[in-house]
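Start from the sequences and build out the full structure, keeping to the hints where you can.
The working numbering puts the first residue of the sequence shown at 1, with every later residue one more than the last.
What the hints contain is simulated information worked out from the structure, not anything from laboratory work. Please note: incorrect hints may appear among the correct ones.
[Said to hold, decoys possible] Here are the simulated DSBU-like cross-link-like pairs (lysine-lysine), alpha carbons at most 30 Å apart as the crow flies: (1) Lys-197 x Lys-88; (2) Lys-317 x Lys-287; (3) Lys-187 x Lys-287; (4) Lys-317 x Lys-299; (5) Lys-295 x Lys-197; (6) Lys-287 x Lys-85; (7) Lys-295 x Lys-187; (8) Lys-280 x Lys-88; (9) Lys-187 x Lys-280; (10) Lys-280 x Lys-295; (11) Lys-187 x Lys-197; (12) Lys-43 x Lys-317; (13) Lys-299 x Lys-197; (14) Lys-287 x Lys-197; (15) Lys-287 x Lys-43; (16) Lys-85 x Lys-43.
[To be verified] Pair ranges (Cβ atoms, derived): (17) Lys-85 x Arg-270: 52 to 60 Å; (18) Asp-77 x Asn-258: 46 to 54 Å; (19) Met-150 x Pro-284: 47 to 55 Å; (20) Asn-258 x Lys-85: 33 to 41 Å; (21) His-173 x Arg-146: 40 to 48 Å.
For glycine and all other residues, C-beta sits at the position ideal for the given N, C-alpha and C.
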Amino acid sequence: MPSRFMENSAQSERLPHLHESELFHAIKNPAFRRIGLMGRAGKRSVTQSLMQIAQTINEMNLTLIMDTETAQLPTLDFTEIERVKVVKRSLIGEICDLVVVVGGDGSILHAAEALARYRVPVLGVNRGRLGFLADVRPSDVEFKLRQVLMGDYQLDHRFLLTMEIREGRNIIHEDMALNDVVLHAGKSVHMIDFQMKIDGRNVYRQHSDGLIAATPTGSTAYALSGGGPIIHPSMDAICLVPMYPHTLSSRPIVVSGNSEISIRIHEDNRTQPMVSADGKPSIPLEKNQRLYIRKHPDKLTLLHPPGFDFYEACRIKLHWNVHAEEFGMDMDDDMMDD
Numbered sequence: 001m002p003s004r005f006m007e008n009s010a011q012s013e014r015l016p017h018l019h020e021s022e023l024f025h026a027i028k029n030p031a032f033r034r035i036g037l038m039g040r041a042g043k044r045s046v047t048q049s050l051m052q053i054a055q056t057i058n059e060m061n062l063t064l065i066m067d068t069e070t071a072q073l074p075t076l077d078f079t080e081i082e083r084v085k086v087v088k089r090s091l092i093g094e095i096c097d098l099v100v101v102v103g104g105d106g107s108i109l110h111a112a113e114a115l116a117r118y119r120v121p122v123l124g125v126n127r128g129r130l131g132f133l134a135d136v137r138p139s140d141v142e143f144k145l146r147q148v149l150m151g152d153y154q155l156d157h158r159f160l161l162t163m164e165i166r167e168g169r170n171i172i173h174e175d176m177a178l179n180d181v182v183l184h185a186g187k188s189v190h191m192i193d194f195q196m197k198i199d200g201r202n203v204y205r206q207h208s209d210g211l212i213a214a215t216p217t218g219s220t221a222y223a224l225s226g227g228g229p230i231i232h233p234s235m236d237a238i239c240l241v242p243m244y245p246h247t248l249s250s251r252p253i254v255v256s257g258n259s260e261i262s263i264r265i266h267e268d269n270r271t272q273p274m275v276s277a278d279g280k281p282s283i284p285l286e287k288n289q290r291l292y293i294r295k296h297p298d299k300l301t302l303l304h305p306p307g308f309d310f311y312e313a314c315r316i317k318l319h320w321n322v323h324a325e326e327f328g329m330d331m332d333d334d335m336m337d338d
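What follows is the structure, given as structure tokens:
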């Protein structure tokens with residue numbers, strides 16, 4: 001059965017014209033009245049999907065809200081859109097009941113920082129490469145969007161990581177990540193010499209190119225390339241994947257999602273370690289500093305059209321079914337009887 005999202009419904013009382021829509025009485029879930037629309041840079045295909053989504057929202061007589069960065073895309077033409085409000089990106093999560101993001105998974109990562117604190121659900125339209133997070137195909141966008149706006153959808157809550165670089169008791173830098181926090185050696189070819197603790201207990205001292213601390217969401221991203229396991233999004237776990245460790249026995253570790261990971265650079269280290277959250281600009285980690293990684297208090301709420309299946313996404317996106325046709329998945333007996 002599809003979930004029903006009831007949060008933020010108080011905001012809907014401020015929307016004056018939804019009752020004028022012919023579809024109003026058919027909408028099962030009237031929480032989605034203010035629809036935010038975000039898209040990332042320059043592709044003409046992104047603009048095409050943005051225009052299609054905007055027209056659908058207008059046809060349903062719902063309120064369309066776009067952030068300033070999206071509204072300023074040079075190929076975007078508002079002349080065919082009757083009603084649209086433009087606000088700062090930092091405000092879109094506060095005033096919208098649903099946000100549609102057009103782009104690749106990177107676009108969802110980019111939007112997460114602005115939207116997670118408000119728990120506003122996010123629907124992703126894939127104009128990128130893989131589309132684990134942005135899972136609506138452009139060819140299906142109008143049909144799927146109407147399904148969602150009529151109240152037929154699935155909710156998917158994804159936890160985030162917070163990272164802090166501390167020097168003594170002072171926080172030098174902090175950030176959040178939906179996919180992963182990565183300790184790496186930057187442009188150097190030397191390995192990093194570091195020590196890791198989990199919940200205050202020594203785990204190991206390691207020589208490697210770095211470490212990936214990934215959420216279940218990030219387990220199908222960089223951590224997968226590093227040999228880490230695929231973790232179902234419902235799991236409350238953090239995966240720690242060493243990058244090219246100088247020992248054959250060093251393997252990924254999966255720990256509780258409530259764990260705190262701390263990393264100290266050893267005094268014998270010969271290179272400049274760097275830290276990045278979700279691929280954002282890297283920050284140096286000095287020998288007299290500590291890196292702390294733990295669960296962020298906020299979550300990102302992803303919204304999927306009905307029928308979303310994580311395992312099906314893995315089969316399609318990771319090409320699990322590229323072998324010969326005769327070895328394809330068999331139909332279940334009860335499905336064949338139908």
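Would you list, in rising numerical order, the hints stated earlier that this structure does not obey? 1, 2, 6, 15
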